[in-house]
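Two chains, two frames, some hints: make the complex.
Read top to bottom, the protein sequences are chains A and B.
In terms of numbering that gives the first Met the number 0, the first sequence has 236 at position 237, counting the first letter as 1, and numbering is strictly consecutive.
In terms of numbering that gives the first Met the number 0, the second sequence has 207 at position 208, counting the first letter as 1, and numbering is strictly consecutive.
Keep in mind that the hints were calculated from the coordinates and are not lab data.
All of these numbers come straight from a predicted model, not from anything done at the bench.
It cannot be assumed that every hint is accurate.
In silico BS3-like pairs for lysine-lysine, Cα to Cα no more than 25 Å straight-line [unchecked claim]: (1) A/Lys185 with A/Lys323; (2) A/Lys276 with A/Lys14; (3) A/Lys217 with A/Lys34; (4) A/Lys208 with A/Lys21; (5) A/Lys323 with A/Lys175; (6) A/Lys276 with A/Lys208; (7) A/Lys406 with B/Lys320; (8) B/Lys138 with A/Lys339; (9) A/Lys339 with A/Lys323; (10) B/Lys112 with A/Lys391; (11) A/Lys217 with A/Lys21; (12) B/Lys320 with A/Lys156.
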Amino acid sequence: MQNLYKTRPLKMWQKAKELRLKFFKDIQTAKENGKTLVLVDSGSFIELPAGLEGHACLEGHPYGATVGMDLDFARECAEEVEARGYARDLCVYTRNFWGSMFRNRYYFGGEFPRPDFCIKRSLCDTESKWLQVCCEHFNMPSFYIDFPLYPDRRTGKEDIEYLATQMSDCIEWMEKITGQKYNDDKFIHAAHNEFRTTSLWAEICTLNKAIPAPLDQKTIYTLYFPTVVSRYEDDTVHFYEELLAEVKDRVSDHIAALATERCRLWDDGIPPWYFLKLYRYLERYGAVVLGSIYTYTLHGAWEDQPDDSWGRATTPEERGMPLKTRDDALRALALWYLEKPIYPGMCLPGPKSEQLLRIIREWRIDGMMMHMNRGCEGLSLGAMEQRLALLKAGVPVTVYEGNSADKREFDENQVLDRLDAFMESLGMKKLDS
Amino acid sequence: MLDVFPKQFQSRHDYAREWKARHNREVIGYLCTYAPEEIIYAAGILPVRVLGGHEPQDVAERHIPTMYCPFSRDVLAQGLLGRYDYLDGLVDGFTCVHMRNVFGSWTLNIPLKYHHYIYTPSDVRGARVKPYFAVQLGKFKESLEAFTGKAISDSSLDSAIDVYNRSRRLLRHIYELRKAENPPVTGAECIEMVVSSQVMDKAEHNKLLEAALAELQSRRPDRETGIRLMMVGSEVDDTEFVRMVESLGSTVVIDDHCTGSRYFWNEVAPATDRLLAIASRYMDRPPCPQKDVQDTRFRFEHIARLVKEYNVQGALLVQQKFCTPHEFDIPKLKAFLQEQFGIPSLFLEVDITIPLGQFRTRVEAFLEMLQLQAV
Ligand code: SF4
Ligand code: SF4
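Isolated chain B, as found in the complex (with noise of 0.2 Å):
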């Protein structure tokens, strides 16, 4: 059954203009996972996730710096080749500087009805952000109504949040599940669930993840766990990498990037001021590399969180080349990892595509190295 997921994720294209034929309603894409799908959804429109193709391209380089990441030029190409042909309109927040180039020239060069900025604040545990950034989002609120011609009331709020919650409080179980010694779920697998997640509408994918939930209770794994590792990273949708690196006689058990855990850990705490009740969730999920500016560093307490709860051997720093936010964390976490946990780190530079060949060896060696420590 857990088949469905990765097949829903290749069809995403056909999937939203038939959901759009199907409903009669507007298709609208986000950049970046801390866009407030809720709001988007509360006003009966389906938003998807824009991802890359993972195919060669030569179309964004007129528009976007060649020093910027490879995941941005991806996903730029991918509208500039008219993949995203269905969408009727795009959203980004204050992301990093490579995803604000993408939405710009998005905007510049594709035709769309409608577009909307919101203001993401970066310092997202400041004393101040949630009214404010509850603020941006009543803006955002009111451009969507004005764009369908719809006010979004209060019980369609709700049921959004629901339905969010409720996909997030299944994926949830679904990785509880990974602690277990001897895991019934893949890396590849969740990251398959997540993905498909974020280009579905939520009350069916909602249903494909009650069903996937029921299997794996159930499910007695017929593979060695072997190595338990963690991978980190920015958006790592390459399911085929980590079904490689899982062959080799490991399994990630717990993952912190934004096609995982990152995207759906924590819920809305619903509350009378629903879009104060969304912006807490957004500025409390755990943050990116790029909102996690203070000094306290709260995306390595989470995931010290994460190495202990899920019982990490080893970690897969997976970086997008030239992604700055990353490239500030990685030297710090790995020697985090190291000095806390005592746990190695792998480090591992990804473009458009992932040389699997190269990769496979020195996964191989990082696993060596692991299984003799471990005996």
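Bound conformation, chain A alone (with noise of 0.2 Å):
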């Protein structure tokens, strides 16, 4: 296979594995181990439960994408779910967890957890209304924290105020329903932790900039895993300090995550889960795909480097912002939370195909691959205008349409006939033929 580069395993994958399975099992045992159980969509404000005495996440996204993969149990939610009404074209993460919830069946065994209470927020129109169902479903209160959503960076005095006040009032509600005290050393070091784990993971991912490339998309979605999850827990600012330090040595010894590394490809969209091979059949060609604005930014924390790359974003303690109080760490969360750079991309079409571009450059891409995937309208908001623009900057593009975690809208073979029709587009051949 004509190797250019040596590659070796990550030192880290079976700790990031062990660490997505924890996240479930804690999950799961949450009650018995007399933890609170708080129902979140994609992992936005889950160091606010942090200061309770002992809490757990359960999150919709990744619940969503892990039963995903498994052909039966994702076709049985969908049924369960049609059947009480809901159209089939809706979010498929939600179908995955409502029909879970509905059938009372837990993907990793046993009945289907019940939350405590829910706190929720909207960027899509499902986020919501997904959970509203859900609240209804289990009897339980919820807390709404209306996340402004603005095309461009907007992070005044106002806005930052708007969200903190809303997670200040979260909290006050959280300490009534709950009937504990808060721990406001608690939050306070979950924040920093937060504030830690997307910065971290935001300078792993420009370590991907180098030619040839540490890591790889399909290893991607293994190790962003914990910043959607747990990104405010020590183990997991650990993990990435560990992490780190070894794609660090990576680049420094050429380690490359694909040996016959000639083309590097950039991602987008949430891919089809139940068909992650199609990432290995790109390697045939040489092909790396390097990551996806999904992956890096999700909970990834960036910002423009004096060199005017893009990189990962000093922190508020970097800043100089105190972080003593409670108070304190609600602004410079809100802040935290605004700046994040995939949500200008999830309000407007036009700042994502920016993003693109930058990256393409930055990472020295020779062409996209965008997944349509039917299963999320929230991050297909815009693509084909991302599309328009790359081809526009001369970006090779080529769009396969999917759904990320139902495998009755995916069809294998049209796909690969796509991607090898692409590469070949790009003057590559199987290396293997």
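Next comes the structure, spelled out in structure tokens:
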């Protein structure tokens, strides 16, 4: 296979898998361990319950994605939801989650865990409506945090105050419904960890600018998982510190994710979770997929660097913001959330095109593949405009249709044919043929 | 006299061009009924709602995912086809995802002198949303002032609020008449009054509404009311479809959609802080499903009131294909109407064009079932 670089397995791989499993187990055992179980959407505001005596977060997105890898379980979920009169084209994560909830079957075994309360917001139209039905199903209370979404980075005083005061209200509300005294120190520590994790993750992704790339997207799907679900925990921070050190070593030793790297691709959207082997398929062409805005920025903290490149954000503490009181932590956290670079692209189509063009330049990308994911309307916002913007800039793009977690909407042969045609248009040949 | 409304609506593009020439002022389009029109009107600009054309098209697919609703694709297509070439600007809020794609695509591909995005909170009943939304309205006002080069005074805001409230009050009066055992006005006529108000200068439209109200107060209906229906949906401006429904022994006596009552139901309560007053009006209005995010489901409470007040016997749940916010609400709403009020619903999924023949058979069967139930 004409290797150009050395490669070796990632030492932190096993640890990443353990963290993932621990997350799902923690949810399952939350009640027997006396923890409060909180339902949230895609990992937002998970630091807030950290000031309670003990908690675990049941998160819709990771659960929906995991179910999507098991075709039979996912089909049963979809059928259950459709039988209740819901449309087949609803967000597939919602359907996987609801299907499990309605059938009272947790994917990892046993009954579906019953959350104590819910914290909601909505970036796409689905999130809050998804959780609304869950709250009704479990007859549980919920707190809504209205997240202001803009096509540009909006961090005015009134925006920070708006978010911070709502989070503060949420803390008081949690005290009331749980009867617990909220522990500010634990919350401040959780906020500190959130800043560290998300900034470390961006730093790790920045290292993928190297040729050869030390990491590939299929691996990244496992590595980014703790940023979504447990970024406020000490274990998670330590994991990313060690991972950063290892990836730095890989870069300095020219250790490639793909020994035959000849072509660097960028990815868009949520992948078909049941068909991740499409990344292995591309490797036959010597093509490595470096990442996506989804994996790099969903919970990665980025900012412009002094040399105009894109890199990790300096944490509020590094900027000299105090982090001593609950109010300090709330304001710093509000700012941190408002600055997340994924949000402008979820608001309007334009901002993401600019981000993509920048990534194409800085990560030295040869082409882009876009998954038109019928299972997620939120992240499909503007995808067609982004395609046009890339083509206009001379970036080769291929689009394939599918569904991230409903195989009924995925035609494997058609997708592989499309990828073959794309690779050939890039002048690439299968190395093993 | 009521014929004037469909005529006005059909000639909306000519009207806007003519208005523009007559006043030598700008016309700004808006994509969602959460756009605070009063502020645009106070700037001396004509706000018009951008709607679909119900014509087959092949221009939007390059810009918007195929899984987005037909209404959004239709609206964008209208822009790309140049039907709205008289617009000087476009405004959108934090609407549904599909409409935000339309707004973005429009601003990227169709020349405009001005565009503005306003964050309209999702949790409309949240404790802290009104002052924050008022700040966003302040920014919008400033951007309009920069665009026109003229300050928007309190007195022009007051007159705009006045004109808009008058329109809302007149439409409420007309809707009141629908509570009668034999309503003097049909559902199709009501939609025509509402959609024409969305594309006309409200001061002019108010005059038409005043005349219509006077006429309706003495109108003796020359048709049987039949089954009393409620129509629920997002945008339902296809009056041919509503006429077909009403020709089969029924009358749409009330609606909950944004080309109907959701658009005008509540007024701005005048206050010294004009922007806060406007903000409150939009947060307190009957919510669209995208904004009804609390577990209380304020939208259902509102629909329940309408059902009782208008003595509804059956509901038509009209949903644009792929419309996520409505897809989430419909199964619950269907169950809610049946369980709380014993009201059956008929679900109809619509595309850019409505298959009238196919729908006719289904509506007939639904009405027959309701008639049997009534007996
Ligand atoms: S539609 Fe997409 S972004 Fe929205 S909740 Fe579903 S997976 Fe998340
Ligand atoms: S029909 Fe639904 S999805 Fe389409 S624009 Fe209206 S609210 Fe949005």
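Compare the structure with the hints numbered earlier in the document and write down the numbers of the violated ones, lowest to highest. 3, 4 and 12
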